[in-house]
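Using the sequences and the hints given, assemble the complete structure.
Each chain is listed here by its residues.
Protein chains: 2
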Amino acid sequence: MNETKPTVLYHRADATKTRSDILRVAADIASAEGLEGISIGRLASEMNMSKTGIFAHFGSKEQLQLATIETAKQIFVEQVVQSALQKPRGVPRLMTMLENWLRYVDRIVFRGGCFFAAASAEFDSRPGVVRDQIAELTRSWLVALQEEIAVAVLNKELTRSIEPAQLAFELHAYVQEANWAFKLFNDESAFARARRAIRNRLASASLKRPPKKGQ
Amino acid sequence: MNETKPTVLYHRADATKTRSDILRVAADIASAEGLEGISIGRLASEMNMSKTGIFAHFGSKEQLQLATIETAKQIFVEQVVQSALQKPRGVPRLMTMLENWLRYVDRIVFRGGCFFAAASAEFDSRPGVVRDQIAELTRSWLVALQEEIAVAVLNKELTRSIEPAQLAFELHAYVQEANWAFKLFNDESAFARARRAIRNRLASASLKRPPKKGQ
DNA sequence: CCTACCGATCGGTAGG
DNA sequence: CCTACCGATCGGTAGG
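So the protein lines, in turn, are chains A and B. So for the first sequence, the working numbering puts the first residue at 132; every next one is plus one. So for the second sequence, the working numbering puts the first residue at 132; every next one is plus one.
Think of the hints as simulated: they come from the structure by calculation, not from any bench. Treat the hints loosely; a few may be bogus.
When chains are identical, the list treats them as one kind, so a pair holds in a single copy or across two.
Unchecked claim - Here are the computed lysine to any residue pairs in the SDA-like style, where the Cα-Cα straight-line distance is at most 25 Å:
hint	residue 1	residue 2
1	K192	F316
2	K182	L197
3	K287	Q297
4	K204	R257
5	K204	D263
6	K287	H188
7	K218	F316
8	K192	S170
9	K182	E167
10	K192	R257
11	K204	M226
12	K287	N331
So this is what it looks like as structure tokens:
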């Protein structure tokens, strides 16, 4: 079946490529069907490889899950974080982070929506290193939002009565809700709702002008 | 092992009781480990019954999942909805619904947090009747919030510029975020954050007084 | 990277 | 409600 049949040794470059191919497939499956859903047999058939061919790259299912999370993190950074780092700190960077996140969900970078939203819901009641890793990465995203808010306060873009952790909680809630509604109801308008919520919340937290009531 | 060994027929009342006992265990497991996590074998060992003893009550795993959702719905109505129906319509009832929900998560009615938050994240990418049922029940909770907001606007408790679906999106986002943060970070303070967010949002949407900026 | 295999567990059935 | 069983699939191992 295979065109090349390596006899004993494998080129390290090929193995690295194979590994990262496996992990991209794994991350996509995991976002939709869970990190427990990425069975080694399933990956094998999807990659046209033997089970042990997959297994050899990771050594255990838990290691496979951890490697999948690492891959998802790289994709997340690439899609959501990187371009925001070009923006001035404070509100502009904060807005870009949130907007990038919404578009990353809308563009279906992962079939199951935000990888970390799915993974954290799946593992929040399963103690272990997988859960710990998911929590740590998610925490650092929340902290990044929070730090940008703190900068915005220092810049006087936002009133100094703002508590960064509180505002980060609220803004993060909006985007998570958009992911949730989009996935569960197939409802594109969830993104517009999240954008509106963000805009209003930042307006009411800004010094510039008194917030318009209601909407 | 069992004290009573029915030979051929079973009292219908006993069977009904057994069924509901199975389903309460199933709902608790499902909230933490997913609706796919409630295997028939696992339920059998947890209930000290045979697999077919469990199976006979439902006929298929999918029917078991649907019955588990129905049980979770009853528990949700009992814990979150019922006492709110005693309150006057509009803002008082809305606040009670949200507060009951936060306490239902904090009190760990289900080991995995809100049953429907867990189930919707698990099934949002798995088409079928299970997903449809989860979506429908969740939708009706969102609509209930929305209707209470609409009443509050009619009552002039909230400004008429409020769009109920938008405000429901935001308030629902806060409580979901609290469940998420509580489960993932074991962080009790998430409830206080949600309460603060709700209070501020309703204040800025109310006619009574100009919202305080920031907090 | 492969074939061949392991014990455990899955949902489900036959028959009582 | 039970025992006894089915084929499929799980994570993982032996040996190459």
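The hints, checked one at a time:
1. Only between protomers do K192 and F316 lie at most 25 Å apart by alpha-carbon distance; the minimum there is 24 Å, versus 32 Å within a single protomer.
2. Within a single copy, K182 and L197 get their C-alpha atoms as close as 18 Å, which meets the 25 Å cut-off; across copies the closest is 34 Å, which misses it.
3. With identical chains, the CA atoms of K287 and Q297 are at most 25 Å apart within one copy only, with a shortest distance of 17 Å there and 28 Å across copies.
4. Taking identical chains as interchangeable, the C-alpha atoms of K204 and R257 lie at most 25 Å apart whether they share a chain (20 Å) or sit on different chains (24 Å).
5. In this homomeric assembly, K204 and D263 come within 25 Å of each other (Cα to Cα) only inside a single copy, at 14 Å, whereas the closest approach across copies is 31 Å.
6. Proximity of K287 to H188 under the C-alpha cut-off of 25 Å is found in neither arrangement, the shortest distances being 51 Å within a copy and 63 Å between copies.
7. In this assembly of identical chains, K218 and F316 lie within 25 Å of each other by CA distance neither inside one copy nor across copies; the values are 33 Å within and 30 Å between.
8. For a Cα distance limit of 25 Å, the shortest separation of K192 from S170 qualifies both inside one copy, at 8 Å, and across copies, at 20 Å.
9. In this assembly of identical chains, K182 and E167 lie within 25 Å of each other by CA distance both inside one copy and across copies; the values are 16 Å within and 23 Å between.
10. For the identical chains of this complex, K192 and R257 are neighbours both inside a copy (15 Å) and across copies (23 Å), given an alpha-carbon limit of 25 Å.
11. Only within a single protomer do K204 and M226 lie at most 25 Å apart by alpha-carbon distance; the minimum there is 20 Å, versus 38 Å between protomers.
12. Taking CA atoms no more than 25 Å apart as the test, K287 paired with N331 passes in both settings, with 17 Å inside one copy and 21 Å between copies.
Checked against the numbered hints listed earlier, the structure breaks hints 6 and 7; every other hint is satisfied.
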